[in-house]
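Residue-level listing of the chains:
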Amino acid sequence: MSDTVIKVEHLSKLYRLGEVGTGTISHDLNRWFARIRGKEDPFSKLGESNDRTKKGSSEYVWALQDINFEIKRGSVVGIIGRNGAGKSTLLKILSRTTAPTKGNIKIKGRVASLLEVGTVFHPELTGRENIYLNGTILGMRRKEIDRKLDEIVDFAGVERYVDTPVKRYSSGMYVRLAFAVAAHLESEIMIVDEVLAVGDLEFQKKCFGYMNKINESHAKTLLIVSHQLNVIKSLCKESILMANGTLQKFDTTDKVLTEYLYTNKSSSSWVRTEKYDNKYFDLMELELQNEDGEPTTIFTGMDNIVLSVELNVKQLVPELIVGFAIYAEDGTLIFWATNKDEKVENWAELSSGKCRLKFVIPSRFLNESSYFIEFFAAIHYREWIINPDGTAPRVDFEIKGDLSDSPNWQAKRPGIMAPLIKSTIIN
Amino acid sequence: MNAPDIDIEQQQWDLVIKPKTGLFEINFKDVWSYRDLLVLLVRRDFVAMYKQTILGPIWFVLQPILTTLTYILVFTGIAKIGTDDVPPLVFYMAGITMWNYYSECLTRTSTVFKDNSNIFGKVYFPRLIMPLSIVVSNLVKLGIQFGLFLVFWAYYLIAKGNVHPNLYMLLTPYLVILLGLLGLGCGMVISALTTKYRDLALLLTFAIQLLMYATPVIYPMSGVNPKYRWIVLANPMSSIVETFRYAFVGKGTFSWGLLAYSTVFTLVVLIGGTLIFNKVEKNFMDTV
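The listed protein sequences derive, respectively, from chains A and B. When the count follows my numbering, it moves up by one through the first sequence with no breaks and lands on 427 for the last residue. When the count follows my numbering, it moves up by one through the second sequence with no breaks and lands on 1288 for the last residue.
Read the hints as simulated data drawn from the structure, not as lab findings. Check before you lean on any hint, since a few could be wrong.
Cut-off 30 Å, straight-line C-alpha distance, at most; resulting in silico cross-link-like pairs (DSS-like, lysine-lysine) [said to hold, decoys possible]: (1) Lys1141(B) to Lys148(A); (2) Lys237(A) to Lys1018(B); (3) Lys167(A) to Lys1114(B); (4) Lys1051(B) to Lys167(A); (5) Lys213(A) to Lys1122(B).
Excised from the complex, chain B in its bound form (with noise of 0.2 Å):
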């Protein structure tokens, strides 16, 4: 009598729509056989923004020079703030191009909810892709900047030679991949609290500025006033932009326990990230 019905039971079926699945249950297969998509979203980001306005790519250019000039005149002209005997220009440059990219991740991802709703909403896809492509898309900008900061760096290393590259430099893809990986963790992080406390949205601009403040971006590690020291060294995004700077200019700090520590740090968000991304994707069109 029961035969039949366990023969029933045990049909392949190609997919189960359940209640919410356990936090452990991740489709990377699913993810893995939407790799084209993935492609082509990172080429629409490009092609849009090259197509939308003649300023898009320049603009790109644009704001790390306006923003380090800015920077030059406010923290070293007017607050002078030390920069360890580097040159100015190259020292903010590579701490703006460094920090734009973890940023940018961190912010275009913990609003991908938001900004994708209409999609989400109308058809299914491995979300996942999202936070990917963003990640990847903004690799582009970062190559442009990175170019940016190369001319300017090799300026002085040529004319000046003020400049002291090191080997540490064959680091710079390993940095640029912590960086993406701990914005997308953290972006997915909050993506997933802003679905459902709207609120924290407000406050993401303040934190990531603050959070730039607990970064040496704008001033030397050496120049860190040894009572707050352990709050920089506490964030992870500092030795990622620390070793940078040594690498290329020879001045700073570098540390291989320091990395390894944020190596780690990125590695659990990105776990944490895609977890709780994971586990809100699945209803957040209820509440959005």
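Okay, chain A solo, but in the shape it has when bound (with noise of 0.2 Å):
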């Protein structure tokens, strides 16, 4: 006998963009009209893959295209991809909130989805009400919840609220019970959507204890989603990566892992698109140097690294910040740095028009590794323009020796980073 829970064949999902309205109704009856006639949907073939860089000529697209995968009981299965991969049309398929396409999935045991469940709460019911809701609305029966109402409200750590109307709950609360609820129901199947994100540091470490847990006794097939690299790292083995609606990748963490950080993997330089172009300011060039200004991707540890950046202001307002995040190899954020980090007096101020400026990231500090940069700008406090998630502008550099002038270290130490640190005998 096979042990495959979650078999996915050649699962399509066609999605219509733009407004819904007039034109509907002709659309539907010609699509009637090929379907009487044993033709092929007449609008699916204008269909493209999911590119959101390029904009589609048509308005349908293929949020997913010809996804076969299968999984293991017991396995524990990570999905990354860039924003708008199809990660979350995939989920929301598994959790039957929309049909596909084409193709089907075929699941062993019941299937439990972490997704924001809390939205099911009811604010005017209490605590120990909305569980039971929230559990039978998730596929429970009431006896079960009878028998496991101590354990939800123990995780959740809401005993002395369970009988207040959840709408005097703190957002923290709220979260907590919802995800509760979901992770006591009796399922074979949970898929996990960026839910880790969510609650204090204390309860971010209890569902990682209860996913590890679930982990090592093999008992559930969990799929995880996250943007969150390192979570996916320590929880999943295996993982699949998701690329404009299509599976690129599905493998061992690791491998998966260093292909999508990769794939894109460019030159000293970004290319520059129109895509980033917003009403301040135009991102004409972003480049690594060295310190004679000549582009490069590999530098040692005793180079300063430039990060040069072109820009065209438009419009100037004081509030404008540029700067950049630099992640480790396997995605994990070490640092974001911007123009206006210092005093005021230090700052770099940006001009209108053509503005040339570069942050030196100094030697003897990152460790001989991989690491990749992307730049982004807000304005302070309001809102992102360019919003450092994964979509931002990217460039990737590697440090290869030269750590340090010491003959005891040499080779690379453990650590994402490797300053100098002074050691001085005090008396």
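Build the complex from these two chains, which are given one at a time in their own frames, with help from the hints.
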């Protein structure tokens, strides 16, 4: 007997973009006419792969295209991909909130999905009443909830407030309760979508522990979607990489992450597109250079790393800040920096028109490894212009050798960073 | 060679997610397994209702009284429309009580996708549960209004003696079930249409009002001009309202034939509505 619990076959999903208004009735008639003649849907041919960087010429888009994979019982599988790669569509079909256009998914066992379940709560009802309501919506029987009530309340840490209407709950309590209900559903398959990003640190730890327990016991099959690559890395042995609605790779997490992070690995510079143009500025150039201004992607520990940015500033506002986020190879954020981090006198103030600025990452600071940088921009405290969420303009670089001048420190040390720390004898 | 393949194909899958299923694939087993949810949704509606406002339950009592008084003033007082010698208060209230239940089931069912799009978008459960819960929770409201009707009715029965109830009163539960199912069926048809062609929702309020005038709520069946009588008779609501009133006050018309017509009509609309609803529920999230 095979141990496959999820089998996805030729799964495709077609979406119609834009206004659904005039013309829909005629489209519907057209489609119906094609169907009775036994022809293919006349509108699905217009569809194209879901590439958001290009503006589609058709109003139909394939959010998923011919996805095939199988998942074995007890495995924990991560799903990664950039925004719009089709991850959420896949989850929606798996959790049955929308139907596929073609293909099918076969499932063994009960599926519980943790997709922001708290939305089902009714603010006027007490915590206890909401546990029952939420649980039954997720498919539990009332008796089942009776048995698990204490456990759920305990897990959520809301013992004192269980008979208080949830409208008086803090947002943290709200989410914890929702997670607790879903987590205690007796299901063979669980789908988790970014839930770990919510709640306080302690609760995150609890969830993490809970997932690890599932992981070790092999009792449940777990599908996790996350942008936090370190979460994926620590929980999932295998991962699926999605891109433009297709399945790019299904392999061990290490291999998939490497592929993900290097898919768009360019050279030292970022290739200009109009995608990031906004009302404040156009990003003209983003380039890594050595101190002599030559573009490069490989540095030694001795080199200062220069990130050179050229903007065409169209509307100068005082609150505009630009900066960059730097990540380790596995996607762990190391730090953010902006042009206004120092005292006001030292700010690199932008000016209207063509404006070039540079950031310098000091030598003897990062470790021997690969890193990548995302450029970002924001109106301070108000809005993101370019958000460093995996979709921002990006450049990659590598540091090799020359980490110190000490004879004791020649090879790479563990850790993300390798700053040179001074030691002095005090007495 | 082929044997293992067949073996795999025949494995028991608990669930197969496929594109739009055929028209007649309705998973009633699924609906049944979610019956606890139905109970809890009804409870939620009820609790939310009495917790939200102090006026909540009182409003249920006030609304039919105010409507009745308006009707008495306008139709009996000004327009001089007869009520078959039945006390106007009882006459209108009987009609309003029945009509309100129907129209409430209809309107709330018809907006079920819009009202619940956030829940529907997040988690799967048999969508049929939602409209069913609406019909059941409205029973509570109907109960309150029916009780109110009984109070006034009892007053006229005991103090005035000008209402003449009869054994057809025993049909009341059946009439209520018909009303609920008819409202449910019509609502489901409309809900499916409005997710596709949104402007239909605007027409609904108007259509319901129109339908009320084609139902003997504010006038007795006997007062209908014979030329237009067929319109009123073709309306499945007519015999239900008329039967109810006849049973409690002893005036009006009653016909098994018309009641049978309403029953058949209800069943057809209900089956049609369920089929359409079931078809729409699978993909409505993409269009809403």
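Against the structure, the hints come out as follows:
1. Lys1141(B) to Lys148(A): 34 Å, violated
2. Lys237(A) to Lys1018(B): OK: Lys237(A) and Lys1018(B) at ~29 Å, within 30 Å.
3. Lys167(A) to Lys1114(B): Satisfied, since the Cα-Cα distance of roughly 23 Å is no more than 30 Å.
4. Lys1051(B) to Lys167(A): 12 Å, holds
5. Lys213(A) to Lys1122(B): Since the Cα atoms of Lys213(A) and Lys1122(B) sit roughly 26 Å apart, the hinted pair holds (cutoff 30 Å).
Of the numbered hints listed earlier, the single one contradicted by the structure is hint 1.
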